[in-house]
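Here's the letter readout for the chains.
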Amino acid sequence: SAVISQKPSRDICQRGTSLTIQCQVDSQVTMMFWYRQQPGQSLTLIATANQGSEATYESGFVIDKFPISRPNLTFSTLTVSNMSPEDSSIYLCSVHPRGLNTEAFFGQGTRLTVV
Amino acid sequence: AQRVTQPEKLLSVFKGAPVELKCNYSYSGSPELFWYVQYSRQRLQLLLRHISRESIKGFTADLNKGETSFHLKKPFAQEEDSAMYYCALSGMGSGGYQKVTFGTGTKLQVIP
Numbered sequence: 010s011a012v013i014s015q016k017p018s019r020d021i022c023q024r025g026t027s028l029t030i031q032c033q034v035d036s037q038v039t040m041m042f043w044y045r046q047q048p049g050q051s052l053t054l055i056a057t058a059n060q061g062s063e064a065t066y067e068s069g070f071v072i073d074k075f076p077i078s079r080p081n082l083t084f085s086t087l088t089v090s091n092m093s094p095e096d097s098s099i100y101l102c103s104v105h106p107r108g109l110n111t112e113a114f115f116g117q118g119t120r121l122t123v124v
Numbered sequence: 002a003q004r005v006t007q008p009e010k011l012l013s014v015f016k017g018a019p020v021e022l023k024c025n026y027s028y029s030g031s032p033e034l035f036w037y038v039q040y041s042r043q044r045l046q047l048l049l050r051h052i053s054r055e056s057i058k059g060f061t062a063d064l065n066k067g068e069t070s071f072h073l074k075k076p077f078a079q080e081e082d083s084a085m086y087y088c089a090l091s092g093m094g095s096g097g098y099q100k101v102t103f104g105t106g107t108k109l110q111v112i113p
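Taken in sequence, the protein lines are chains U and R. So for the first sequence, the working numbering puts the first residue at 10; every next one is plus one. So for the second sequence, the working numbering puts the first residue at 2; every next one is plus one.
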C-alpha cells in the first residue's frame, strides 16, 4: 500500500495568482499522477510526473499552466498558474506502487476555489 | 481511445434492495477494470478489480467482454454502502503509454 499526504486540503485564491499543491508519498514510486475533478465530472488526468524527466501532459493541459516538479521518488508538486474561476476544482495526486494495472492510492485532494 | 461510461449520476435504493451500478467501457485491447469508492469525507479507495474475481463488502463485478460492461452488484444494500462509486479502466492510451481512465461516477444513496 501507499500513504499519500497532500496539501493544502483546500484554498481560496484570487484570480491571476498561482497555487502550488504538494504530494508526499511514504514509499518510493516511479510515477505520480495528477488529476482534476471538476464538479459533477470524472477524474481527468492532467499529467504524469516521472522523477528525473519532464512530466507528460495529457491533451488539453500544458506545462505553462500546470508546471510540475518531481525532485525525488517520494514527492511531487503541481502548480496551477494564473488562475481563473474555471480552475476551481478538486486536484488529486495518485500512485500505483505495484504498477498501473494494480490498485491506485490517492491523496485526500485539494479543493481549490478561485474568486 | 479508451472510455468509461457510467450512465447514472445518482442511484437511490431502499435498504435491503438489490443494487446494480452500471459501467460500460470502450477499449480495443484487454482492459484491466476496477471499481473505486469514495465514502463521505474519505479519500478515494479501491473496492475491487476484475482480475481478482472476489467479493468485497458483498459487492461483485463481472467483466462481460461481449457487452463491454463491468457492472457492480450487491444483492442487499446496506446504509453504509452510500457513497460515490467510480468505474476505472487501465489500458494503453493514445499516446502509447499506460493510463487509467475513470467514469463520471455514480452516487449511491441507500434509503433506510
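Everything labelled a hint here was simulated from the structure, so no lab data went into it. All values reported here derive from a predicted model rather than from experimental measurement. A few of these clues could be false.
Unchecked claim - Restraint ranges, calculated between C-beta atoms of paired labels, are given here:
{"hint": "1", "chain 1": "R", "residue 1": "PRO113", "chain 2": "U", "residue 2": "ILE72", "range": "45 to 53 Å"}
{"hint": "2", "chain 1": "R", "residue 1": "GLU68", "chain 2": "U", "residue 2": "THR53", "range": "24 to 32 Å"}
{"hint": "3", "chain 1": "R", "residue 1": "MET85", "chain 2": "U", "residue 2": "PRO80", "range": "27 to 35 Å"}
We put the beta carbon where it would ideally sit given N, CA and C, even for glycine.
How the hints compare with the structure:
1. PRO113 (chain R) and ILE72 (chain U) have their C-beta atoms about 49 Å apart, which keeps the hinted 45 to 53 Å range intact.
2. For GLU68 (chain R) and THR53 (chain U), the Cβ-Cβ distance of about 26 Å falls inside the hinted range of 24 to 32 Å, so the restraint holds.
3. Here the CB-CB span from MET85 (chain R) to PRO80 (chain U) is close to 33 Å, well matched to the stated 27 to 35 Å.
The earlier numbered hints are all upheld by this structure, with none contradicted.
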